[in-house]
Amino acid sequence: MFLFLIELYFLGVLITKNFAGRLPDFFLAVTSILVGYLAYVLNGLILVSIGIPLTQLSMVLMVSLEIVGLLVFQIARKEFLTRGRRSLWLHYLGTGFGYFGIVIFFYLNNLFFVTTDSVYMVVMGRNLLESGLSQWYFASPRGMGLFVPLLQTLGMLFGRDYTWFVQPAFMVVFLILFAFFGMRSGQRFMKRKVLLYLLVIAVTILLFSSDLIFIMTTYIHTNFNSGLFLFLAIATLYFGIIEENSAWFIFTPLFLIGFGAMRVENVVIALVVILIFAASKKITQRVKRQIFLPYLAFQFLLYLRILFMDPNTYSDQMSDGQILITLLAILITIALLFLVHIKLFKQVLFPLVWWALPAGLFILFAGFGIANSDQLINNLAVYLKTVFVTGNWGAVWWVVVALFTFLPVKIHFPLKRELFSIILSFFLIIQLLGLFRVPYHDRWFDSANRILVHITPVLLFYLVMLIAKAGSKNSKGAESVHNTTVS
Amino acid sequence: MRFKSGTTQYEESESFLRNRFKSIRIDEILLIALTGFLAFSIMTRVFSFFTLPHLIKAIVLLYLVLVLGLLIFRFVRPSILAQFQDRKAFLTAISIAAVLTLTLFLLIDYRMVPIRTTHTLQITNPSDSSRVAIYEIHMPGDELLSFSESFPQQRIEDDHLILAPGETLSYSREMVGGIQFDAEASGLPARIVVTWDGVAREYSFDGENIVIDVKLDGSSWGVPSLPYRILGLVSILSDWVVIFGGSLILTLLLWPWKNRVRSSNANAFRIEFLDHLSLSIILNSIIVVLGGLYAFFFNGQTNILLLLFLTGVLLYLRDLVKFKRQWIYVLTIGLLTIGIMVNGYFWIYPPHDLHQTIINRPYNSFAYLADRIGASNATYLSIGYYQYLREAHLIIPESLYEELQLSEGRLQALNQLRDFTFRDYDHELTDDQVVSLFYEGEWEVWPNRTGGEYYLLPDISRPGDTYYFFSHGLKYFLVPQAYIQESGVIDVSISD
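So the protein lines, in turn, are chains A and D.
Residue 0 is where the first sequence starts when you use numbering that gives the first Met the number 0, and the numbers rise one by one after that.
Residue 0 is where the second sequence starts when you use numbering that gives the first Met the number 0, and the numbers rise one by one after that.
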């Protein structure tokens, strides 16, 4: 099993290595871990979708073939062991040792957090091995994403009952990449690096010292990984635009796929992100399509496949109608990517999206909320209570609100509008969805409380930039990025 | 904004802060001390210092010091210093304040605030014939004392504690505040002697007062631990320093000679930096008053108080960062550090036990994982045999259903059962029957969460079968109907 994990990491290395020199070595090395797991999940999905059973042989063979293919490709292009890449290989080596140290530590020390959902996901993993996509018990892709169940099969293929040692690797990747991106964004404004390091480290510790996030680091579940992938998708979009480096964008669809495969409702947030960035003038139309179409195609095919399933399990959430609406929304988003050059969209509608989208969501929320006022009031009250008191967030939201209260409002930094729009839309969507389901409750495991984990990293990233810019000497200055377009 | 000297607001504030700590004067030290005592007095008298958790104590006290300190330095200090120029008047004011304080000391019935201390209560019934019944004993915070736990040897009738003639009961506990109870005598004449922290007092029952109400003084000193002894003394000292300091300030501010001090004189002692915080200082003072009213009238919930005070602090910060943008970094990191400390506090005193459940688990089995979630027996059974129970028909005697603590609804929902039937049959298998069953092949064993194990034989079981439940001691068997009909091992009359 560990040899297979090494193989997966090596696959990640071979994929990320293609961008050597165009992206920081550190990012490429750490991301290889995630790319390896993503490759495993995608391979698994492809196999079960075309009816090939998930077995040790089929998975090892598929990953090995991909490695050989990439090696041949890179050797043919004389890119595999080129000179001047010593630093990159050292990064890969260091990351690899660190990564396997963590995996082995958690393999030997079975530290995990588990709830009923975790067991259902393990059962889903078993179902994938037993019958592909045809037979489901307790939970199915109509209620839960396939990412974690597929990740669970990793241990099962090698005789383990479940996979308890992988989730901490995601936690460490998140810690490292959150700090990396936080510092990278902040250093544009903060000259004193010590303060920047302190700021980013303090934000990271604040987040991870809260009980909820701490348990998420070993929790066999989807929320933490959703937060990780959403943050990385947005961070790569952000840096692709502000650094005018399209290499970042290569990773955006990968992270969006990870996010979309994690939970059934994640597609809604992914579409919001896509719409807001698609409406932005900062990326050319061609690049927009290159970034977003792979994810949209993946999500469309996945939901199309789910539409033809009839799992009939206890926790199914999505009806045929809801899946059809989702498919339609994906198709409309795809269509929009091809309509961006039309004057009506380009000059009239798209410039409004950053505020019109949350405004529209708010109108919907208010409209449905008035019609269902009891639920609206209950959900809002419960939401505030979980966020500030019972949700096990500790002081996180108190500090976030405090920072937003005392920081100056009129601070501009690159893509502030887009990020703000995504964050605001996210909160509105949670409340909007809450009107069409069983009312939220004030326990920590309430889904509205856990879903907050998805947006918190993005919100903190936004705050880091806001703080960094607010304290800088030209805190009110406009950014040059407003006038550039990445192609 | 540009000042008279031609410097900017930023330069002014910078130079102020640079020089501030180099030139702290005696008057400032005295005012800081007064602020501290005043904050502590308000904290003990209004915000229940001795009953709050330590962290909240520290937060509220720091906030009060901040608010009162800024209030005094911004609005009181300039006038006082201006008065101080007139040494004679100042000495007169001190004398007046001292006399006023002394007079108050002699005249008023000063009671210290109840501190956290160990109080001792003794109730004796010296009567020869009358019994005394003690009704509910109300502890501080209106908590009712449990008679059975606190006085296990004592006789209790109708929830009343009975004190027989000549009997004495003693109770001692650390608390903040006094005790209150009602006592009723069974006949007259009767009396009780209540000794509270060593001071005895006699209460007599008479024709009009067969029931007496006893309230014991919470401000009695008791036997406090060393830290609370010190805090108690500081509390008394604070009260008197505040009375003296308050008298002095009021005398200085209200005395007719104040008119002789020109406002320009007072302005000379103003700290420009604090002028920019004037609005937030006033707003925070209002917040303290509101917090005090809330604490006094509504026995204020700590969360609301903290929220109020946090808002107040943010008002300062908002004004403060207007001065100097770079302070944003320090303030933000400070705020984040406080957040981390609060999270750390929750690690030490967790309100929930989530992170405490993450400990090294000895087993990596699926059964152990499923057991960890603490699900019901029905859920646990469903997880164990999910493939077989899906759309199955389960038949079980009601007695066995009770023994296994199953839930029909849960089994139905999780497994989408075809049917669930209670049927009365002899579910206890004999040794021979069990031997025969085990002979059939390798049984799949799944633990029952509340003891024993389930047995299911994959060789003879199909998903969606009709299963009968049998038992043999703590072994529970799920046997398909077809097997029962064909094998002849188990004799159950099946009539579908």
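Calculated from the structure, these hints are not laboratory results.
Don't take each hint at face value.
Sample of chain A residues facing chain D (criterion: CB under 10 Å; computed from the structure) [stated by the list, open to error]:
(1) F337
(2) A394
(3) V400
(4) I466
Quick caveat, the model's predicted, so the values are computed rather than measured.
Positions of the beta carbon are idealized from the N, C-alpha and C atoms, including for glycine.
The hints, checked one at a time:
1. Below 10 Å, beta-carbon pairs count as interface contacts, and F337 (chain A) has none with chain D, the closest being about 43 Å; its hint is therefore violated.
2. Because the beta carbon of A394 (chain A) sits about 4 Å from the nearest beta carbon in chain D, less than 10 Å, this interface hint is met.
3. Against a cut-off of 10 Å between C-beta atoms, the interface hint on V400 (chain A) holds, since the closest Cβ of chain D lies about 9 Å away.
4. For I466 (chain A), the shortest C-beta to C-beta distance to chain D is roughly 5 Å, which falls under 10 Å, so the interface hint holds.
Hint violations for this structure: number 1 only, all remaining hints satisfied.
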